[in-house]
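Colleague: For this one, chain A is given, so just place chain B on it according to the hints.
Protein chains in written order, with the numbering used here: chain A, 1 to 145; chain B, 1 to 678.
In case anyone wonders, no lab produced these hints; they're calculated from the structure.
Any given hint could be a false lead.
Heads up, incomplete: computed chain A residues facing chain B, CB under 7 Å, no partners named [claimed, not checked]:
(1) Arg9
(2) Ile11
(3) Gly12
(4) Cys13
(5) Ser15
(6) Ala19
(7) Gln21
(8) Arg22
(9) Asp37
(10) Ala113
(11) Thr114
(12) Pro116
(13) Ala117
(14) Asn118
We treat Cβ as the ideally placed atom computed from N, Cα and C, and that holds for glycine.
One letter stands for each residue in the lines below.
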Amino acid sequence: MPVYVDVDRCIGCRSCEVACQRVHGGIGHIHVHFVGDFASVPIFCHHCEEASCTIACFSGALYKDGERTAFDVKKCTGCGLCSLACPYGVVWTDKIAHKCDLCEGRAEPACVATCPANALTTDYELASRRERARAARAAAKGGRR
Amino acid sequence: MTKVLVPTICPYCGAGCGFFIAVEKERAVGIEYMLDHPVSEGALCSKGNAALEIVGHQERLTSPLKRRGDGWAKISWEEAIGLAAKGLGDAKKRRGPASIAFLASSKCTNEENYLIEKLARLLGSPHVDNCARLCHAPSVVGLNRTLGAAGMTNPIPDVASSRCIFIIGSNLAENHPVISRWVHRAKDAGALVIVADPRETHTSWMADIFLQLAPGTDVALLNGMAHVIIREGLLDGEYIARNTKGFEVLAESVRDFTPEKAAEITGVTADEIVRAARAYASSPASSILYSMGITQHTTGTDNVQAVSNLALICGHLGRSGTGVMPLRGQNNVQGACDMGALAEFYPGYRKASDPETIKYFSSAWEADGLPTGPGLTATEMIEAATSGDVGAMYIVGEDPANSDPSSRRVRKALDALDFLVVQDVFMTATAQAADLVLPGAVWAEKEGSFTNTERRVQWSSKALDPPGSALSDREIICRVALSFGLDFDYPDAASVLAEINRTVPQYAGITRDRLETGGLIWPCPSHDHPGTPILHSSGFKLAEGRAAIVPVPYRPAVEVANEDYPFVLTTGRAAVHHNAGSMTRRSPSLVSREPDLYVEINPTDAAKLKVVDGDPVTVTTLRGETEAHARLSVGVKEGVVFMPFHFPGTNVLTQETTDPEARIPEFKVSACRISRRD
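So that you can see chain A by itself, here it is in the shape it has in the complex (with noise of 0.2 Å):
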């Protein structure tokens, strides 16, 4: 997945929302879901590597280029299988498909770099070792993670 997200950074501003939103003519792709009212999470495309939007889609409008589930608009018939076929909900249909295209044409997918608190990167890098000083925080307070 390109796209990295830190649960624990996130804090429901919906920057990521309004940014997505603003650079694709008003869709945005990406949602923040609340969990109550202790914790929220973007949600958007996984770019899956076996994905089933592009199993699913007959005409071959989603397709794998590389990491990314790429879309390509001219050959989508609306017929809606992608938005039944993916296991996260995020592929949904109105007349066509949309879903996140990792910002195609940008240095960076307006949501990693409008993110005021840093909760989303597309380096694997910063991802993992985040994970690491976590769990190696809850390792020195005694507890496992």
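Modeller: Just chain B now, kept in the frame of chain A:
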């Protein structure tokens, strides 16, 4: 087609994030992130991302308007300036210059605020203020007394060097989202975060220790912590001896303020108070971040002083990672204060009551008869309008009809004025009450400097022309001043800044050509001075170079829950809105995410009221009643309810009782009752 990227400063909160406006064919076509900005590093919150939505908004004011019966007539600038001059001039002639009051704007540039207060004072009125009165007036009064300077002591990125961050009365995760990036960076390095708030907020998600105190009990919590620190000898005796005075009196005053006593008042357990006190005092570098939860109380000044006491007895000042940080709510509320748009100060915090000040500005401005202050504060102006002592007002970019407490009373006061001129970008509730409305420009349509919450002065460039015949606020003020025969010959913002360099010592070295990305942090006394990111590193600008430790007795809030009004209402902000909402409620991608006024109620209370999530309810206080939707949340304790103040209804409920010194109203505590609406 060539696309130009124009660097600007975000018009919303006080964090001062920068971004580029992409301009093509004189139209704004998008936002690009400013990756090398020292505070935001390219990040923007939801409001910043939506900022362009208000620029070309269809409801923008595009022409001067005068009241005609119940409606408005478009008029020319010549007629408008004539009416403004006549309205203000008549009031001056009839009842003297002190019958005119001015509200400057914390949304306008430093240059514009300087011109507004200069206009007021050259016309002979001491009454000029800005909405800092409603947010950080207690910081100005309290911190000037204890530390000798009212700004944030350390810059925002410096928070990352803290080992313990104490956030009290600030929901920065929603209100200043980019600051949370620096808090997280400190956490990555092992810092401990303490959050004290009556509500479990997005900020409290970051906390290692969360203290959920009852609204209005901050002094009790802070005194309890000071007690623990002194009792356990966690203080910095050397620092106290070298840099402060008044410690003995404080030690005496908190001797009986045990954590158990503090626990009884605040509702936080004694254990947690002890834990927080130990963590704050024993870390090598601790910082305190606070905001409206500290200031918007009748005990606002006390709260601020209690915060500064804690920093002083632990010696957590003047070094990287330490500090007392009042987080300011608007992009230029710091600057408006620096420029002297305050009732008690001329530019550069020169006391308006001091004959030396008057002498200085009489010579600097070549003017006679400058008024001695302090003038009326923003809240007192409204009272004076009701009583008739103020007959005319000139309000720039502020919306007291929505942002002041007890808004029904405010609207009556505005209606009672003989003449009201409002200069704004939208037809706000305040503008609705005006005789004359002058269309101003938003940040993108003018240039000038803004000073963010860290005292960082940044230049924002002009990307677009204002719509229709709207003008930049500088041009409007200059035209009004010229009509009074005043010599306001300022062809651009830089020429005003050049005068500010001469008259405001803190800004002496902050010239236009030095303001590149990242700006300069005042005090910057000369052209080769690098600015002063960290204050108080070598003593304090007070007598003997010592900071004052001031004992603060605990006083309860004015209103407490009672039989008729069993809930305590506290107010605050939501992530996707800003202040009175005149901008964010017009911004489609923001208002769609938080369209209506809601009231957060604890589910146990809701069950007793037979209210479920989403039910329409009526909230009533002694001042009035408001309709809102119930939002059930365990984030508020039983007996406490919360409403955001971005919608017109909320401040109908709040009370006008003010802090005796800083004159800030007690927005944060009102007794209310709630009933189902059906």
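Colleague: For a quick check of understanding: which of the numbered hints are violated here, in increasing order?
Modeller: none
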